[in-house]
Amino acid sequence: MRRVYLDHSATTPVRPEVLEAMLPFLKDEAFGNPSTIYSYGREAKKALDEAREKVASLIGARPEEIFFTSGGTEADNLALIGTAAANEKKGRHIITSSIEHHAVLHTAQYLMRHGFKITFLPVTPEGLVRVEDVEEAITDETILISVMHVNNEVGTIQPIKEIGHLARERGIIFHTDAVQSVGKIPVNVDELNVDLLSASSHKIYGPKGVGCLYIRKGTRINPILHGGAQERKRRPGTENMPGIVGFGRAAELAGQELDSEMERLKGLRDKLIDGIMNRIEDVQLNGDREKRVATNANFSFRYVEGESLLLSLDMKGICASSGSACTSGSLDPSHVLLAMGIPHEVAHGSVRMTLGRDNTEADIDYVLEVMPEIVARLRSMSPLYNQ
Amino acid sequence: MRRVYLDHSATTPVRPEVLEAMLPFLKDEAFGNPSTIYSYGREAKKALDEAREKVASLIGARPEEIFFTSGGTEADNLALIGTAAANEKKGRHIITSSIEHHAVLHTAQYLMRHGFKITFLPVTPEGLVRVEDVEEAITDETILISVMHVNNEVGTIQPIKEIGHLARERGIIFHTDAVQSVGKIPVNVDELNVDLLSASSHKIYGPKGVGCLYIRKGTRINPILHGGAQERKRRPGTENMPGIVGFGRAAELAGQELDSEMERLKGLRDKLIDGIMNRIEDVQLNGDREKRVATNANFSFRYVEGESLLLSLDMKGICASSGSACTSGSLDPSHVLLAMGIPHEVAHGSVRMTLGRDNTEADIDYVLEVMPEIVARLRSMSPLYNQ
Amino acid sequence: MYSEKVMDHFTNPRNVGEIENPSGVGEVGNPVCGDIMRLYIQVEDGIIKDVKFKTFGCGAAIATSSMVTEMVKGKTIEEALKISNKAVAEALDGLPAQKMHCSNLAADALHKAIEDYQNKSKKAS
Amino acid sequence: MYSEKVMDHFTNPRNVGEIENPSGVGEVGNPVCGDIMRLYIQVEDGIIKDVKFKTFGCGAAIATSSMVTEMVKGKTIEEALKISNKAVAEALDGLPAQKMHCSNLAADALHKAIEDYQNKSKKAS
Ligand SMILES: Cc1ncc(COP(=O)(O)O)c(C=O)c1O
Ligand SMILES: Cc1ncc(COP(=O)(O)O)c(C=O)c1O
Ligand code: FES
Ligand code: FES
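Residue numbers (the numbering used here), protein chains in the order written: chain F, 1 to 387; chain G, 388 to 774; chain Z, 775 to 899; chain A, 900 to 1024.
Hints are computed from structural coordinates only; laboratory data are not their basis. Some hints here could point you the wrong way.
[What the hints assert, rightly or not] The calculated DSSO-like cross-link candidates involving lysine-lysine, where the alpha carbons are at most 30 Å apart (straight line), are: (1) A/Lys904 x A/Lys951; (2) F/Lys233 x G/Lys620; (3) Z/Lys779 x G/Lys432; (4) F/Lys316 x G/Lys432.
[Stated by the list, open to error] Quick list of simulated restraints, FRET-style, between CB atoms: (5) G/Arg619 x F/Asp358: 27 to 33 Å; (6) F/Asn222 x G/Glu756: 37 to 43 Å; (7) F/Asp282 x Z/Asn893: 48 to 54 Å; (8) G/Glu556 x F/Arg3: 55 to 61 Å; (9) Z/Gly791 x F/Glu20: 51 to 57 Å.
[Stated by the list, open to error] Which chain Z residues face chain F? A few, computed with CB under 8 Å, are given here: (10) Pro787; (11) Val790; (12) Ile793; (13) Glu794; (14) Gly808; (15) Lys828; (16) Phe830; (17) Gly831; (18) Cys832; (19) Tyr891; (20) Ser895.
Nothing here was measured: the structure is a model prediction, and the numbers come from that model. The beta carbon of each residue, even a glycine, is placed where N, CA and C say it ideally should be.
Just chain F, with the same shape it has in the complex:
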């Protein structure tokens, strides 16, 4: 059976070039601890520095502003909790959006339980944060603004540059969760006016379990983990050398291929979106059509529930994900779709398809071929649907 992987926003396979770069660190060739002074350790230190340069270069930062973490989640936690702890004397108000990833959302809620005031900004029906809303939300107490760059569910690109401009004017620290934008659209920390930026390796064909927080020089932030002096005392623990080296290589490749892949995937995505909309009735595209990353398509199929759609797709070899309540442990449908004002029952029938390097034109043709049957079959079982 054909296998079509359309869940690249969930995770991506490690590229062969990346694995190759990692292998010496997974053998006894180069296993040293970079904190040690003997030759094994010095080799590791060198590799660590190189990886840091590569990641820095992808986002226009300086190497010493990159702090490796165990992933996007830890980077987000460090950004929010670390900034809150270091600046609480200045104020206890934080602004974020209602469509953030749980790594930001739940961390903000944690801070709320610890005496911080959090503004969760609304979004437009297209899934965009309004700069005016940010401006209005700012108070003298505001110490941090955290708005994601690209939304992981609907792929919308937020007005980070403009929000960053505002934050800078007001002297407020600005964080963006760029886990879904790095490697997919151009990201430059200076152009975006951000002080903190989270990225994750496994979204860009690097290994899982590694990510980083960019911290602009001079930004006040405390560590959230305590221990050794690694990562310039901001993130303790023996460095995940194979992971970090893999992340570095993945970042390097992502930078080289960014323009061409963006172009190619945009073509495939548009074909997918147009194909689905033309072939199937009662379907809507979620998220702004223009301000959208090239890899994301997100549909709601009326009268159909998302998990059963996913299972049906899986039986045809297609991997996708959904914003349905039934696939989420919490049994609430996607908070992102709800924040966009999409009714519960429509959100319930949503499917996200996210494209990547391995996808071809033929993959899209295949999806367009099987999707109508699947939807029709499920609708024929649905008590909500009347032909």
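Let chain F serve as the given structure and place chains G, Z and A with the ligands on it in line with the hints.
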């Protein structure tokens, strides 16, 4: 030149069998996100469960009591901060020792800055915590005792079982940092009476960047990172699949070979200790000779400074580490040696050699051959030494 | 995640559809997730001769719907009333923990359909 | 971590040893890490004819000790007094940031040795 790696307590190379187990997760064979429902994801979930079983089995725990983290440091932080946060209404007193790894020590100090009272227990000159001292330190406010199982610098094995017994009697949560004992001596959470136990993969020939916290069922503990629902809501973030699978395989192999390796390494270690003590004057062994892990030797060479000793060893292809001020960023010599009452200048000349799978009898012979020359050369340069 | 039995009933659900002029209809919505199921029964001489369903819901919801229709066909009303959520889940070789609530849909819809039938019968008599 | 020059001076340190009846001796302890250096000079006609050291310290401490003895040999007292910590570190192609304090040892010991020589000369004259 001969290479002799004697820093296995710092980190170990990944075993070939472990790499083999990891490889499918570093290729596009099995890269799925275990939280997804399609087939790729289900395969990942299965591998995750298997790894959890293997790690659980090595320490006599149930799989659902194993929570994967990014390493030993995060496990220690989760144990201390998570327990403190969940139990602070019961009391704000924590007991730990003065010879803990920085991952515990600095976390305890962080909690101290946040209103917790911390008792740092002293140790005997042999580097052992006294059970009576623990008993005396307990108050009605005590919510957590954290004492490491095997010390990473001097290899002493602490009376965990007895402390655990005390803790259980008094209804106090008991954590042990077992990063240096798991895979090196038998560890069983029930026999040891522990509620929380930290372990790290890269110390047992698994990959860096992964570890776990064992949490006994029913133990009150809060997460320290916030985000997705992974690890039964106790540790969010996309799972480090290759790392976790590697950790699982490493744990399995460590369990199988524990007895035979322990016996073999004990022989090598005794040969090393006796050889050094016989061949070189003015040298002392640090740490109890009997209650000591089979892999550790730690010497203080009078009149010689540790870093220059390490550099000299490195030039002969020997990798070791030291408790000298000059190798530590902080420029204080090892807090462990100081806590054992070893004078600053003696601690300054200490070298730790930690044995592992790859070491042979011939390695020890080589070390015993070159060490006397090196020490003699440095002593001849030392203003403190008079032949 | 799902057992083979669940996947079988999901892929080839038995008794999908509607019954015209049924003896009873039960419709329930799952308050936890928002899924919906409608179940039709045709009763003759106290025996459930025919049963059909329509479900808007997850894989488990569809599979349990299908399974309950199989379990109930040919049973007396009394026997049918004894079919519990647990029994449906067990007949499917179990459901994942976070999906146990889905099995409520099917049994509840069945019991509502029987109630509807009994109410109608009372009125008729 | 260390430059090749540092490693060279660490491996083959120049002028290790003591001078019997030296013109001056300087001993300093590094308050930061506890390392110790002793430096002997032999002065003739205002020129440092010979110099020796003994150091208990890290690789950087030994290398800077060795380097400073090389730099000072054959220099006049005035020239020697101008040798700064920075100059020693530079002559070694630099030191890692956390090792810059080590270079203090060598220059300080030198200046102390000269001071000792000058005190002795004063007493003698
Ligand atoms: C926008 C966003 N932020 C954060 C994360 C968390 O990253 P990680 O899985 O590396 O912890 C993800 C992905 O899961 C994401 O899509
Ligand atoms: C006793 C002890 N605890 C904790 C750690 C930290 O483990 P990790 O390096 O995996 O963060 C180490 C090793 O560095 C250790 O030896
Ligand atoms: S019925 Fe909605 S989750 Fe199963
Ligand atoms: S002199 Fe002690 S660290 Fe260099």
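Tested hints:
no. : hint                            : in the structure
1   : A/Lys904 x A/Lys951             : 19 Å, holds
2   : F/Lys233 x G/Lys620             : 28 Å, holds
3   : Z/Lys779 x G/Lys432             : 20 Å, holds
4   : F/Lys316 x G/Lys432             : 20 Å, holds
5   : G/Arg619 x F/Asp358: 27 to 33 Å : 32 Å, holds
6   : F/Asn222 x G/Glu756: 37 to 43 Å : 49 Å, violated
7   : F/Asp282 x Z/Asn893: 48 to 54 Å : 35 Å, violated
8   : G/Glu556 x F/Arg3: 55 to 61 Å   : 57 Å, holds
9   : Z/Gly791 x F/Glu20: 51 to 57 Å  : 56 Å, holds
10  : Pro787                          : 7 Å, holds
11  : Val790                          : 5 Å, holds
12  : Ile793                          : 13 Å, violated
13  : Glu794                          : 15 Å, violated
14  : Gly808                          : 6 Å, holds
15  : Lys828                          : 4 Å, holds
16  : Phe830                          : 5 Å, holds
17  : Gly831                          : 5 Å, holds
18  : Cys832                          : 3 Å, holds
19  : Tyr891                          : 18 Å, violated
20  : Ser895                          : 24 Å, violated
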